[in-house]
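Residue numbers (this note's numbering), protein chains in the order written: chain P, 69 to 357; chain C, 69 to 357; chain Y, 5 to 320; chain E, 5 to 320.
FYI, nobody ran anything at the bench for these hints, they're computed from the structure. Don't take every hint at face value.
Covered stretches of chain E, as calculated for chain Y (at least 3 residues, CB under 8 Å) [what the hints assert, rightly or not]:
| no. | stretch |
| --- | --- |
| 1 | 28-40 |
| 2 | 88-101 |
| 3 | 128-136 |
| 4 | 191-200 |
| 5 | 208-220 |
| 6 | 274-280 |
From the structure, some residues in chain Y lie toward chain E, with a derived Cβ separation under 10 Å [to be verified]:
| no. | residue |
| --- | --- |
| 7 | R123 |
| 8 | R165 |
| 9 | P167 |
| 10 | V219 |
| 11 | P233 |
| 12 | G237 |
| 13 | Y239 |
| 14 | F277 |
| 15 | V283 |
Backbone N, C-alpha and C fix where the C-beta goes; we use that ideal spot for every residue, glycine too.
The chain contents come next:
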Amino acid sequence: MNEPATITRSCRGSVLDNGPVSRGLLRLDLRLEVPVNFLPGQFAMLNRSGGRAFVFGRPFSILAVDGDTVSFLYRVVGRGTAVLAELEPGDELTFLGPLGRPFPGPDVVRPALLVGGGVGLPPVAAWLARWGRDGDVACFGGRDGHDVPWDLLGSDWAVSVDETEGVPADHTAWHGLVTELAADRLAHAEGPGTVLACGPVPLLRAAADLAAREDWDCWLSLEEHMGCGYGVCKGCVVPVRDPAVSPWRNATCCSEGPVFPAADIVWEVYGAQASLAVTEPERPPKEKP
Amino acid sequence: MNEPATITRSCRGSVLDNGPVSRGLLRLDLRLEVPVNFLPGQFAMLNRSGGRAFVFGRPFSILAVDGDTVSFLYRVVGRGTAVLAELEPGDELTFLGPLGRPFPGPDVVRPALLVGGGVGLPPVAAWLARWGRDGDVACFGGRDGHDVPWDLLGSDWAVSVDETEGVPADHTAWHGLVTELAADRLAHAEGPGTVLACGPVPLLRAAADLAAREDWDCWLSLEEHMGCGYGVCKGCVVPVRDPAVSPWRNATCCSEGPVFPAADIVWEVYGAQASLAVTEPERPPKEKP
Amino acid sequence: MNLPAWWTIDPCAPFRLGPREFPGRIWTASGCFGYGLSAHDVAGADGRTPYDGLGAVVTKTVTPSPRPGNPMPRLVELPTGALNSIGLENVGIDAFLAETLPALEQGGVPTVVSLAATRPQEFGTMAAALQDAGAGCCHWHGVELNLSCPNVAEGGHDFGRDPDTVAACVAAARVHLPDRALLAKLTPNVAEIGILARAAADAGADAVSAINTVVGLEVDLATGRPVLPRRFGGYSGPGILPIALAKVDEIVSAGVPVVGVGGIADARDALRFFALGAVAVQVGTSQMRDPLAAADLAAGLVPDGQTQEPGQTQDP
Amino acid sequence: MNLPAWWTIDPCAPFRLGPREFPGRIWTASGCFGYGLSAHDVAGADGRTPYDGLGAVVTKTVTPSPRPGNPMPRLVELPTGALNSIGLENVGIDAFLAETLPALEQGGVPTVVSLAATRPQEFGTMAAALQDAGAGCCHWHGVELNLSCPNVAEGGHDFGRDPDTVAACVAAARVHLPDRALLAKLTPNVAEIGILARAAADAGADAVSAINTVVGLEVDLATGRPVLPRRFGGYSGPGILPIALAKVDEIVSAGVPVVGVGGIADARDALRFFALGAVAVQVGTSQMRDPLAAADLAAGLVPDGQTQEPGQTQDP
Ligand SMILES: Cc1cc2nc3c(=O)[nH]c(=O)nc-3n(C[C@H](O)[C@H](O)[C@H](O)COP(=O)(O)OP(=O)(O)OC[C@H]3O[C@@H](n4cnc5c(N)ncnc54)[C@H](O)[C@@H]3O)c2cc1C
Ligand SMILES: Cc1cc2nc3c(=O)[nH]c(=O)nc-3n(C[C@H](O)[C@H](O)[C@H](O)COP(=O)(O)OP(=O)(O)OC[C@H]3O[C@@H](n4cnc5c(N)ncnc54)[C@H](O)[C@@H]3O)c2cc1C
Ligand SMILES: Cc1cc2nc3c(=O)[nH]c(=O)nc-3n(C[C@H](O)[C@H](O)[C@H](O)COP(=O)(O)O)c2cc1C
Ligand SMILES: Cc1cc2nc3c(=O)[nH]c(=O)nc-3n(C[C@H](O)[C@H](O)[C@H](O)COP(=O)(O)O)c2cc1C
Ligand code: FES
Ligand code: FES
């Protein structure tokens with residue numbers, strides 16, 4: 069067990085800042101009652117406080133922590149995220165985190181290839197900020213230029229877009245899927261190394277295939293609908309290969325994950341079970357520019 | 069049946085103004101989607117709109133209507149009224165009203181004695197504003213001078229207070245119960261006339277006793293916890309004498325009331341059933357100044 | 005509201021239930037809209053009335069004799085619904101037939117008369133009287149036998165929990181009601197509601213209504229005692245929706261036509277019942293909050309060709 | 005919170021239940037706090053841990069063999085609670101005794117082991133194995149027989165709905181558990197829970213736990229089909245509170261000691277159960293939302309002499 073030696077806090081957070089960093093992508097900064105530590109890939113459960121709380125919190129990957137300040141990136145997809153989007157500085161939330169198994173730390177010699185799609189950015193961005201070195205490559209994929217949080221990404225990231233519309237004049241973007249961009253970069257990297265990815269299921273599968281083809285290690289951050297977020301309800305299981313259990317066993321996404329070795333994931337079952345797979349449908353590959 | 073020929077509207081209202089008129093007494097002005105009519109003594113059910121609505125609305129007597137603007141006076145006693153107190157201009161509520169049987173209109177010759185205790189003010193104040201004439205007497209009772217909405221009452225009202233503290237220098241107030249003040253005024257009035265009262269149960273009983281003793285007519289606005297407010301659920305019954313039914317029958321407070329002839333009320337039963345009786349406990353009479 | 009693609013029925017179009025054609029599929033539930041006569045003065049800002057698009061008003065339950073109901077308090081608001089112990093206060097069948105039924109016919113209110121009694125034969129007697137008095141009524145469409153009210157000591161639970169009694173009540177009423185729809189309203193406070201539904205259908209009911217209220221209790225924290233003088237009450241409103249959906253699904257599996265009721269707050273909730281196969285739905289507690297609830301809901305469910313992608317309907 | 009005047013018990017003081025002294029009256033409910041081992045890293049801002057003041061953790065139900073549980077989705081959030089169909093995923097009794105029980109003892113976690121099986125004898129076998137393996141455990145206080153999980157096809161409803169089966173299960177476990185508390189957890193999906201409670205008590209249970217989840221269903225509006233692959237699930241959370249209170253009241257009337265569970269969101273809800281006579285309470289769905297829920301609730305219920313006027317407790 070490589071559990072992080074951090075304390076998981078159940079506490080309140082008050083909103084410092086909340087607003088868009090690109091079209092559809094919002095950043096939330098919370099000041100917690102106490103400072104917290106986290107490892108890249110970990111997440112937190114956020115909820116309204118008091119009588120208006122949802123029955124369950126909502127899981128969000130941690131983008132960054134600075135003392136008692138913790139940051140998230142999110143997209144509005146339903147009730148809970150709609151509530152987040154309406155928060156103003158001073159409003160209160162409950163926070164439970166950090167939770168879950170993080171991405172592995174850096175390898176002394178092997179390079180890392182980071183792939184983040186849309187709201188899959190936070191865990192890989194956190195990894196890059198904490199452990200990125202020369203030789204590591206980070207790829208972010210958005211639908212078009214408006215989708216991309218250019219300022220947040222800075223110059224460390226290669227960016228892909230399905231449509232070139234909205235790409236600022238002083239930026240360049242690969243026209244196509246982010247996994248195609250990643251494949252291109254991987255081909256030029258001094259591998260084999262490690263692929264770390266977070267995003268919709270088709271992205272994850274493509275990243276896993278790429279890594280397998282090129283004999284790189286691969287770790288993926290999965291999503292499942294969650295109840296507790298801390299491993300007690302068994303409501304969030306994902307199917308993983310385990311030598312001891314045939315043909316596979318249920319792993320709790322929140323506490324055994326959300327980061328799993330790509331090789332362990334039973335895609336036929338996970339792809340079919342994950343309601344998440346349908347929310348961002350596979351898009352046909354585009355001609356490269 | 070002397071039902072008012074008004075339309076009961078189920079519509080939305082947006083807050084124009086909301087704030088204290090005395091310590092603990094707040095005034096709410098709503099702009100409705102459509103104009104409404106009302107008769108003094110009628111009430112409306114107010115509720116939050118949309119997903120945050122309470123299971124049932126809350127009944128409030130109508131203080132005044134001006135076209136599409138309707139005004140209420142209220143006191144915070146629980147969840148629903150706490151929500152009212154937090155409303156800001158532009159916030160939305162649902163409105164169902166006017167509802168219920170009003171006070172009788174003015175008699176051409178007999179004077180009226182109006183008695184309002186605390187949040188019992190609106191229906192009698194509405195009556196006075198609509199139908200008050202020379203010779204009518206209006207008495208308002210508060211705990212002390214801070215409780216009294218002096219500006220709202222203007223010069224038409226005699227005021228009583230249990231404690232003289234907080235009575236402004238340019239105002240006078242009777243030191244004692246409002247029903248004692250009323251008895252004093254009634255003794256000087258050209259009766260017999262009609263007593264119209266609204267307030268806590270002890271006030272109502274005292275008003276009824278006073279009227280009976282002096283052979284005045286008496287109409288009282290009663291309170292009961294309500295579900296629908298428009299006569300369909302039978303959740304709000306009060307016991308009334310009815311020659312056809314022995315010893316008494318249940319009348320729906322919302323649709324057969326809230327205004328009842330005092331003589332019809334079966335006090336032993338009503339006083340025992342009304343949870344309202346306990347919320348404002350009978351206070352010992354004070355020495356008059 | 006965007007309607008899901010699978011929803012193609014106009015809930016305000018006539019549909020057949022047993023021997024009758026009802027004007028629509030959105031009804032008000034018994035006890036939550038009185039006798040259907042208290043809202044004639046009500047209108048929305050746009051002039052819509054509570055009767056627009058309404059398929060039926062199920063009347064407050066009527067009993068052989070008038071009943072004063074239970075002592076106050078009878079109705080408690082809960083965070084997730086309401087708890088009631090009205091105790092079937094009603095005018096009795098004689099006054100109902102003499103005054104209420106003619107007024108409903110006069111007002112053109114599509115009506116289902118709810119009846120309760122303590123013995124099966126009484127259902128027969130009341131049905132016969134109703135058939136007699138209502139022979140000329142064209143807005144009186146049916147009868148709902150309330151076999152499930154948890155607030156009446158004499159009748160009470162056991163009455164409607166026994167399939168044989170359910171069958172006996174239905175059979176007793178059926179013989180007198182050749183040309184009106186006959187529904188049996190079932191209690192959810194049993195292990196297997198499908199058996200009750202089957203018994204009702206086999207005895208001649210055209211459909212069952214499900215569910216009545218769920219037995220519940222609320223404690224007054226100040227005193228530490230139950231709020232209701234009779235301790236238990238009937239729990240209704242949003243909190244019982246998942247239970248009502250489960251019971252309706254059981255009844256549909258038993259092959260019995262069902263009118264869904266329980267916890268409906270908006271058009272989406274009504275769709276949940278229709279998705280499971282309910283032929284119509286009733287609005288109870290929500291109708292108490294807003295006399296336009298059922299009418300608004302009916303209007304919101306009229307398909308206008310505007311459907312939406314799967315995956316988008318679940319949440320607003 | 006201001007505590008009502010009638011509340012004088014310290015819920016964090018030891019109390020006796022059957023042959024054991026429990027460290028307190030606020031427990032976590034089975035299936036909602038795992039095996040009680042997943043929250044050792046959790047702390048509030050003030051350093052409070054999920055175990056502070058806790059009377060017992062009732063473990064996730066353990067079965068004779070390991071179970072993978074039901075297909076996903078297994079858990080649905082509803083406006084008034086949750087619907088689950090976990091399907092008793094667990095490590096099986098052997099792994100539990102080899103690894104989990106020693107870890108709980110080691111961690112000093114006051115433990116009630118929840119057991120389920122499909123035949124009464126299996127309860128006996130598991131109880132015997134537990135008694136054997138746990139002989140030296142001083143934090144293992146008791147066993148809760150889960151006679152009510154609605155998500156398992158083989159066992160399922162009928163199992164725990166029959167008083168004779170309830171009695172047989174209790175009796176089979178009791179003989180092997182001379183010095184641990186024995187509880188039977190009852191299903192609410194029956195007409196008369198008092199009869200089940202009586203049967204359990206007569207067969208030797210020290211108390212019953214009530215309630216397990218209520219059968220419910222949720223529809224996916226996009227598809228018009230039930231959200232859960234197995235259609236039905238177990239409804240828990242705030243929406244079942246009034247039902248749980250009614251069932252507990254019934255059990256108290258039957259003269260059987262009862263641990264109240266169902267819909268508890270805060271200290272006020274727990275007080276409602278204590279007011280009716282529950283000897284302890286369990287926190288389920290709320291504990292899933294917040295690992296400190298039960299600990300906070302226990303802390304909030306310690307009387308400090310600060311009571312309040314009647315009439316003020318009902319609402320915050
Ligand atoms: C480990 C993890 C990390 C995540 N990190 C991020 C992040 O950094 N930024 C971000 O925008 N989103 C993230 N998500 C997804 C995010 O949790 C969902 O978008 C959110 O829960 C949706 O809630 P809702 O109420 O708006 O949606 P609704 O659809 O109304 O929610 C209904 C239920 O479904 C669940 N649900 C819906 N979509 C998802 C989903 N994609 N994943 C998990 N549960 C879901 C909700 O939690 C809720 O219980 C993460 C999910 C997981 C599991
Ligand atoms: C015809 C009528 C006219 C009224 N006019 C006014 C008015 O003009 N100004 C004003 O401040 N108050 C008035 N009230 C009382 C007002 O309705 C209650 O104060 C209010 O409902 C309390 O709601 P709550 O949620 O804050 O209290 P809570 O105690 O939290 O409410 C719980 C439940 O009890 C009911 N309830 C509690 N107190 C009362 C009460 N006194 N009367 C009726 N139901 C109650 C609520 O409606 C709710 O259903 C009137 C009541 C009636 C019946
Ligand atoms: C105040 C009240 C009174 C009721 N009276 C009756 C009744 O007389 N007869 C009956 O069959 N059902 C009665 N019911 C039950 C409703 O018709 C309905 O079955 C139940 O409330 C569930 O629906 P809902 O959640 O939409 O309210 C009553 C419900 C309430 C809340
Ligand atoms: C996700 C989940 C899993 C559960 N698993 C079990 C279980 O394994 N055994 C059991 O006896 N009860 C189980 N329950 C029922 C709870 O212990 C409890 O009885 C029920 O949820 C009602 O309490 P609540 O409203 O506080 O959640 C489970 C409940 C939930 C929500
Ligand atoms: S969300 Fe509860 S175990 Fe993962
Ligand atoms: S509140 Fe429903 S009848 Fe009066």
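Given coverage of the stretch 28-40 of chain E by chain Y, checked by CB-CB distance under 8 Å (3 or more): Check failed, 0 qualifying residues.
Claimed coverage, the stretch 191-200 of chain E by chain Y - three or more beta carbons nearer than 8 Å: With 3 residues in contact (Cβ-Cβ under 8 Å with chain Y), the coverage given for the stretch 191-200 of chain E holds.
Interface hint status, P167 (chain Y) versus chain E (Cβ within 10 Å): Result: violated, 12 Å to nearest chain E Cβ.
Verdict on chain Y covering the stretch 128-136 of chain E, where coverage means 3 or more residues with a C-beta closer than 8 Å: Result for this restraint: violated, n = 0.
Chain E contact restraint for V219 (chain Y) - C-beta distance below 10 Å: Hint on V219 (chain Y): holds, closest Cβ of chain E at ~5 Å, below 10 Å.
Status of the R165 (chain Y) interface restraint (C-beta, 10 Å, chain E): holds, 5 Å
Given coverage of the stretch 274-280 of chain E by chain Y, tested with a Cβ cutoff of 8 Å and a minimum of 3 residues: holds (count 4)
Three-residue Cβ test at 8 Å for the coverage of the stretch 88-101 of chain E by chain Y: Per the Cβ count (0), the hint is violated.
Interface hint compliance - F277 (chain Y) to chain E, C-beta minimum distance less than 10 Å: holds, 8 Å
Interface hint outcome for V283 (chain Y) [beta carbon to chain E under 10 Å]: violated, 15 Å
Restraint outcome when G237 (chain Y) is required to lie within 10 Å of chain E by C-beta distance: Result: holds, 8 Å to nearest chain E Cβ.
Interface hint for Y239 (chain Y), Cβ within 10 Å of any Cβ on chain E: holds, 5 Å
Hint compliance for this structure: hints 1, 2, 3, 7, 9, 11, 15 are not met, and every other hint is.
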